[in-house]
Amino acid sequence: MTVRSRPLSPHLQVYRWTITMTMSILHRATGIANYFGTVLLVAWLAAAAWGQQPLNLVNDIYGSWFGQLVLFGFTWSLIHHMLGGLRHFVWDFIIGMEAGQREMLAWANVIASVVLTLVVWTLFVWMA
Amino acid sequence: MREQVITRDVVANPKSVYGDKKASTRQFITQRVSGAINIAFLLLLLFVVVRLAGQDRPDMVAVIGNGWIGLPLAVLLVIVTIHMRNGLRDTLEDYFHGRTYSLYMMLNTMFCTAIAAVGVISILKLVFWG
Numbered sequence: 001m002t003v004r005s006r007p008l009s010p011h012l013q014v015y016r017w018t019i020t021m022t023m024s025i026l027h028r029a030t031g032i033a034n035y036f037g038t039v040l041l042v043a044w045l046a047a048a049a050w051g052q053q054p055l056n057l058v059n060d061i062y063g064s065w066f067g068q069l070v071l072f073g074f075t076w077s078l079i080h081h082m083l084g085g086l087r088h089f090v091w092d093f094i095i096g097m098e099a100g101q102r103e104m105l106a107w108a109n110v111i112a113s114v115v116l117t118l119v120v121w122t123l124f125v126w127m128a
Numbered sequence: 001m002r003e004q005v006i007t008r009d010v011v012a013n014p015k016s017v018y019g020d021k022k023a024s025t026r027q028f029i030t031q032r033v034s035g036a037i038n039i040a041f042l043l044l045l046l047f048v049v050v051r052l053a054g055q056d057r058p059d060m061v062a063v064i065g066n067g068w069i070g071l072p073l074a075v076l077l078v079i080v081t082i083h084m085r086n087g088l089r090d091t092l093e094d095y096f097h098g099r100t101y102s103l104y105m106m107l108n109t110m111f112c113t114a115i116a117a118v119g120v121i122s123i124l125k126l127v128f129w130g
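Chains W and R, in that order, are what the protein sequence lines are.
Residue 9 in this note's numbering sits at position 9 of the first sequence, and the numbers go up by one each step.
Residue 76 in this note's numbering sits at position 76 of the second sequence, and the numbers go up by one each step.
Hint data in this document are derived by calculation from the structure and do not stem from the laboratory.
Just so it is clear, CB atoms sit at the ideal spot from N, CA and C, and this is done for glycine as well.
Some hints could be false.
[To be verified] Covered by chain W, according to a simulated footprint, are these stretches of chain R (three or more residues, beta-carbon under 8 Å): (1) 9 to 18; (2) 90 to 98.
[Unchecked claim] Label pairs and their computed distance ranges (CB to CB): (3) W/Trp65 to R/Ser102: 37 to 47 Å; (4) W/Val125 to R/Lys21: 43 to 53 Å; (5) R/Gly130 to W/Ser24: 25 to 35 Å; (6) W/Ser64 to R/Ser16: 45 to 55 Å; (7) W/Ile94 to R/Leu43: 26 to 36 Å; (8) R/Phe47 to W/Ser9: 34 to 44 Å; (9) R/Thr30 to W/Ile111: 42 to 52 Å; (10) R/Val17 to W/His88: 14 to 24 Å; (11) W/Glu98 to R/Leu43: 26 to 36 Å; (12) R/Leu43 to W/Gln53: 24 to 34 Å; (13) R/Leu43 to W/His88: 15 to 25 Å; (14) W/Ser9 to R/Pro58: 46 to 56 Å; (15) R/Val17 to W/Ser9: 24 to 34 Å; (16) R/Arg8 to W/Glu98: 50 to 60 Å.
[Unchecked claim] Capping the alpha-carbon separation at 20 Å, the derived lysine to any residue pairs in SDA-like fashion look like this: (17) R/Lys125 to R/Asp56; (18) R/Lys125 to W/Ser9; (19) R/Lys15 to W/Ser9; (20) R/Lys21 to W/Ser5; (21) R/Lys22 to W/Val58; (22) R/Lys125 to W/Pro7; (23) R/Lys21 to W/Pro7; (24) R/Lys125 to W/Ser5; (25) R/Lys125 to W/Val58; (26) R/Lys22 to W/Ser5.
Assemble the whole structure, with the sequences as input and the hints as a guide.
Spelled out as C-alpha cells, the structure:
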C-alpha cells in the first residue's frame, strides 16, 4: 500500500503549550518507548529459556541501580500509555471532549500514571 | 517521492484523502481491540514480574513453565506485537511517505516479528522442555 505524505503541522513553538498537547505527545513518546522496551522483557524470557548463566547476567543488569531506574521508567511508560489508551476509549464514545473536560482528563492521565507507578513500586519493590 | 503536492487547498478541502480508507478503518479497529486486550497482558506481566524478578531458572520454569500462565502470556505477547506494529505505523505515516515509508515499515515488521518469535519460542521452551 502506498502512503501519501500527510500535511505536517507548523512548528510546535508557534502554539501555546497546553496540557492536552503534552499528553498527546507523551502518548506517542511512551508508545515508542514501550515498543523498544519489549526488548527488556523478551531478553529476560530468552535468558531464562537459555540457562542459569545468561539469566544471572540479566538479573545482575536489571538489578543494578541503572537497571532499576530504567525499569521504573518503563513501568511509568507502560502505565501512562495504558491510561492514555483508556482516555481514547472514553473519547470514542464522544464523551469528555468539551473544554475543561479534556484538560481534566489530561491532568488525570498524568497524575494517575505517576501515582499508580509509585503504588506498584512501593507495594512490590520497596516494601516487598 | 511525493505522489501529490500538499497545498493549502488540499488541506482545506474536506474531501482530501491521505491514505487507504478501508485499511485505515481496519487498523483503527485493530488498535482499539488489541489495546483493550493489552490491559490483560499488563496484569499478567505484573503478576509474572512480581513473582519472578531476580529469581533463578527453577522458579521461572515453575511459574512461566505452567501452561496456564505461559501459554496465555505467549498469546498476549503476540497481540502486543500486533499493537506495536500498528501503532508505529501511525507514527511513520505522519513523517514518511513513498519508499522511505516502505523501508521503515519493513524494519517495523521485522522488529515486531523478531520480538514475537523470540518471546514465544522462549516461553514454549519453558513450558514444554523446562
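A range of 45 to 55 Å was offered for this pair. Does it hold for the Cβ distance of serine 64 of chain W and serine 16 of chain R? 52 Å, holds
Per the hint of 50 to 60 Å, is the separation of the Cβ atoms of arginine 8 of chain R and glutamate 98 of chain W within bounds? At roughly 29 Å between Cβ atoms, glutamate 98 of chain W and arginine 8 of chain R fall outside 50 to 60 Å, so the hint is violated.
24 to 34 Å as the expected CB spacing between glutamine 53 of chain W and leucine 43 of chain R, which holds or is violated: 31 Å, holds
How about the region 90 to 98 of chain R: do at least three of its residues have a C-beta closer than 8 Å to a C-beta of chain W? holds (count 7)
Are there three or more residues in the region 9 to 18 of chain R whose C-beta lies closer than 8 Å to some C-beta of chain W? holds (count 3)
Does 25 to 35 Å hold as the CB distance between glycine 130 of chain R and serine 24 of chain W, or does it fail? 46 Å Cβ-Cβ, so the 25 to 35 Å window is violated.
Assuming the hint says 42 to 52 Å, is it satisfied by the Cβ distance from threonine 30 of chain R to isoleucine 111 of chain W or not? 30 Å, violated
Does 43 to 53 Å hold as the CB distance between valine 125 of chain W and lysine 21 of chain R, or does it fail? 47 Å, holds
Check the following: the C-beta atoms of phenylalanine 47 of chain R and serine 9 of chain W are separated by a distance inside 34 to 44 Å. Holds, since phenylalanine 47 of chain R and serine 9 of chain W (Cβ atoms, about 41 Å apart) stay within the stated range.
Distance restraint between lysine 125 of chain R and serine 5 of chain W, which requires alpha-carbon spacing of 20 Å or less: The hint is violated at about 44 Å.
Do the alpha carbons of lysine 22 of chain R and serine 5 of chain W lie within 20 Å of each other, as the hint requires? Holds - the C-alpha atoms of serine 5 of chain W and lysine 22 of chain R are around 18 Å apart, at most 20 Å.
For the hint 46 to 56 Å, verify it against the beta carbon of serine 9 of chain W and that of proline 58 of chain R. 54 Å, holds
Comparing the model with each numbered hint stated earlier shows that hints 5, 9, 15, 16, 18, 21, 22, 24 do not hold.
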